[in-house]
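K.L.:
Each chain is listed here by its residues.
There are 4 protein chains.
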Amino acid sequence: MSNGTSTAITVLGLSGSLRQKSFNSALLRAAIALVPPGMTIAKGSFAEFPIYNADVQAKGFPEPVQTLAKQIRDADAVLIASPEYNYSIPGGLKNAIDWISRVDNQPFNGKLIAIMGASPGRIGTARMQYHLRQSFVFLNSIVLNRPEVMVGNAAEMFDDQGNLTDEATRKIVGELLKALARVVADQHLLKGATR
Amino acid sequence: MSNGTSTAITVLGLSGSLRQKSFNSALLRAAIALVPPGMTIAKGSFAEFPIYNADVQAKGFPEPVQTLAKQIRDADAVLIASPEYNYSIPGGLKNAIDWISRVDNQPFNGKLIAIMGASPGRIGTARMQYHLRQSFVFLNSIVLNRPEVMVGNAAEMFDDQGNLTDEATRKIVGELLKALARVVADQHLLKGATR
Amino acid sequence: MSNGTSTAITVLGLSGSLRQKSFNSALLRAAIALVPPGMTIAKGSFAEFPIYNADVQAKGFPEPVQTLAKQIRDADAVLIASPEYNYSIPGGLKNAIDWISRVDNQPFNGKLIAIMGASPGRIGTARMQYHLRQSFVFLNSIVLNRPEVMVGNAAEMFDDQGNLTDEATRKIVGELLKALARVVADQHLLKGATR
Amino acid sequence: MSNGTSTAITVLGLSGSLRQKSFNSALLRAAIALVPPGMTIAKGSFAEFPIYNADVQAKGFPEPVQTLAKQIRDADAVLIASPEYNYSIPGGLKNAIDWISRVDNQPFNGKLIAIMGASPGRIGTARMQYHLRQSFVFLNSIVLNRPEVMVGNAAEMFDDQGNLTDEATRKIVGELLKALARVVADQHLLKGATR
Chain H
1 MSNGTSTAIT VLGLSGSLRQ KSFNSALLRA AIALVPPGMT IAKGSFAEFP
51 IYNADVQAKG FPEPVQTLAK QIRDADAVLI ASPEYNYSIP GGLKNAIDWI
101 SRVDNQPFNG KLIAIMGASP GRIGTARMQY HLRQSFVFLN SIVLNRPEVM
151 VGNAAEMFDD QGNLTDEATR KIVGELLKAL ARVVADQHLL KGATR
Chain F
196 MSNGTSTAIT VLGLSGSLRQ KSFNSALLRA AIALVPPGMT IAKGSFAEFP
246 IYNADVQAKG FPEPVQTLAK QIRDADAVLI ASPEYNYSIP GGLKNAIDWI
296 SRVDNQPFNG KLIAIMGASP GRIGTARMQY HLRQSFVFLN SIVLNRPEVM
346 VGNAAEMFDD QGNLTDEATR KIVGELLKAL ARVVADQHLL KGATR
Chain G
391 MSNGTSTAIT VLGLSGSLRQ KSFNSALLRA AIALVPPGMT IAKGSFAEFP
441 IYNADVQAKG FPEPVQTLAK QIRDADAVLI ASPEYNYSIP GGLKNAIDWI
491 SRVDNQPFNG KLIAIMGASP GRIGTARMQY HLRQSFVFLN SIVLNRPEVM
541 VGNAAEMFDD QGNLTDEATR KIVGELLKAL ARVVADQHLL KGATR
Chain P
586 MSNGTSTAIT VLGLSGSLRQ KSFNSALLRA AIALVPPGMT IAKGSFAEFP
636 IYNADVQAKG FPEPVQTLAK QIRDADAVLI ASPEYNYSIP GGLKNAIDWI
686 SRVDNQPFNG KLIAIMGASP GRIGTARMQY HLRQSFVFLN SIVLNRPEVM
736 VGNAAEMFDD QGNLTDEATR KIVGELLKAL ARVVADQHLL KGATR
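Chains as they are written, first to last, in my numbering: chain H, 1 to 195; chain F, 196 to 390; chain G, 391 to 585; chain P, 586 to 780.
Bound conformation, chain H alone:
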């Protein structure tokens, strides 16, 4: 049987924002720096995805979609850091999920997901996060309940270079990654168990 604690854990990180100085891309970088032992977080991208169109899909999935689909499928978990646009999921991120969801051997199926979000306001992307959770019910993913990482007042949480300087936020991001590691270890253990 596999030993859950010693297994390497691979995570695919996805920022919901394409902006160069995005708080959420910065939050993802912070997470990469805060990984617990044995975990690595690689970054994926949907920047080159076209708007979803079933007629385009019929001619074959675009290269960037195939790439991200494979990255997600190969990872133990997906870590999403996303802003909230208009009280919901950013269209770009949702469009990426829509493309990925159509790929054979649906990559999000049974996949472990952790969600973070940073916003300038007080609510800290809560509205986006519950909409995202609803999509992942359909996709049959396993979304961590806790901790919920909702970074409000983002402008005060990062320095000018986009480093996450707020200690409470660094702590909760670390806790999210540890919670992720625990569930991945459980999944490895269950896969290894003979029943």
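No lab work stands behind these hints, which were simulated from the structure alone. Predicted model only: the values in this text are computed from it and were never measured. Careful: at least some of the hints might be erroneous.
Said to hold, decoys possible - With a straight-line cut-off of 27 Å between C-alpha atoms, the simulated BS3-like cross-links for lysine-lysine are:
hint	chain 1	residue 1	chain 2	residue 2
1	F	Lys373	G	Lys581
2	H	Lys178	P	Lys776
3	H	Lys70	H	Lys59
4	P	Lys655	P	Lys776
5	G	Lys449	P	Lys606
6	G	Lys568	G	Lys581
7	G	Lys411	G	Lys561
8	H	Lys191	P	Lys776
9	F	Lys238	F	Lys216
10	H	Lys21	F	Lys254
11	F	Lys386	G	Lys568
12	F	Lys386	G	Lys581
13	P	Lys763	H	Lys191
Once you've looked at the hints, dock chains F, G and P against the given chain H.
P.N.:
Below, chains F, G and P alone, put in the same frame as chain H:
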């Protein structure tokens, strides 16, 4: 004072799907054919929108965004016909809303919205519609409560040429347009009233 | 034609909490003190409602349900101040809505609604408010979009006697009431208009 | 190590409706009759719960709350069968959750949950189910993604004695229970594993 009932009513129609044979584009065409007297529905498009990126916005809104923004601003109301993707708003449609929401003199502000949706399954896009309604709270739009047009089993509602043949659905689409006309008439009346 | 601005405006206020020292009951009292000229806010209650049961309804609506239903029907608008319980509407408030929604000549139909909420945490009842908005789509009510009154860190916003002392919160509550008054005036004007 | 497949599985069933001839109570009875080997479903009730009031709680949790809290804590999983009222969770069921959520050693924490719902209309309680899922994020429960049991047109699915006669619905209820059994077995295995 303006006379609400005789004023021409202009509606901007938007399909949430880019697929050529989309049920929702077909539903929108059906609505265009079912307009009550005095109403016209023009079609807008987000097919050429890039994925939203604030850095791109900083260099100027792309031409297709400006075009749709103006169409929405000039219309009395917006009629959306959209599928549900992954239990929420299609990324392409949400991306269009995200772009439009940043344009000066925010085009959806105070705008009247009517929502329809068609899906192959039984639920008929209900989950998409409540997420869309939440976005329009932020955008300060006025979304019609009734009738809710949720077209389930879409494959049986249209013929091979994409004509809406189901009588009950044709009736409810007509009722939605009439409800839209009534609220536009109210708005015209209120604007014309001296207070 | 009626003159919207001079008409008296009656509002039925409802607190989602039964606790004696409830922040939300205190928020409602603050609103009562902050009413614009011409508006009065009376308090309703669901404290004596039984848990909804259609078999009980079949024998006749309980007295307290009939009383609140009449109060809502007679008012121009309903002002709800409610906590968030378990990321949604408090069961007691929802139970009240469930009872009222079954009364003949459904009292919430077309009724104007304004929502406020106070919570000890940062999010300030946002999650409760969007669920409440969804219920009011079914009930065909008109819920004000703005301002959204989400009072976070409630313990710091009130003094020991439950007086709302935070100036920014007092201001936004006042704005909500003024927004309510404007829409009621519009409704009075529309009802008075011959068309 | 415990052998997941042979362990007895105890489920606490809860109907969201108090009506004698409730479709959802009937759906729960159908589930009880369809249990896979090794599973038993006991019925809990919130019929005698008062409306939640923190002042009442301060004097001690009412007896029926304590009883249900213990039943939930002692069970491996909770099976909810609930109608949808006003596009959301019935107030009575939500009130029960609100009470239970305050009991020490929070009974829903980490608890496995399966949701079913029956409604006369076509949507089959979908709107209620996503609101319920959001509450269980806060409560840190594990809600099964699939199958989603949304029984539309309930009047045609049961006979006059309230027996679930629709074969497709009987099948999906059976699948939900089997999915529940699998996850409970996983949890037993994880608890038994030395790590």
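K.L.:
Each hint needs a verdict: does it hold in this structure or not?
P.N.:
Okay, the hints, checked on the actual structure:
1. F:Lys373 / G:Lys581: holds, 19 Å
2. H:Lys178 / P:Lys776: Roughly 19 Å between the alpha carbons, so the hint for lysine 178 of chain H and lysine 776 of chain P holds.
3. H:Lys70 / H:Lys59: holds, 19 Å
4. P:Lys655 / P:Lys776: holds, 20 Å
5. G:Lys449 / P:Lys606: holds, 15 Å
6. G:Lys568 / G:Lys581: With a Cα-Cα distance of about 20 Å, the restraint between lysine 568 of chain G and lysine 581 of chain G holds, given a limit of 27 Å.
7. G:Lys411 / G:Lys561: holds, 22 Å
8. H:Lys191 / P:Lys776: Holds, because 15 Å separates the two Cα atoms, which is no more than 27 Å.
9. F:Lys238 / F:Lys216: Holds, at roughly 16 Å.
10. H:Lys21 / F:Lys254: Holds: lysine 21 of chain H and lysine 254 of chain F sit about 15 Å apart, inside 27 Å.
11. F:Lys386 / G:Lys568: holds, 19 Å
12. F:Lys386 / G:Lys581: This hinted pair holds, its Cα atoms lying about 15 Å apart.
13. P:Lys763 / H:Lys191: The hint holds at about 19 Å.
Going through the hint list in order, the structure satisfies each hint without exception.
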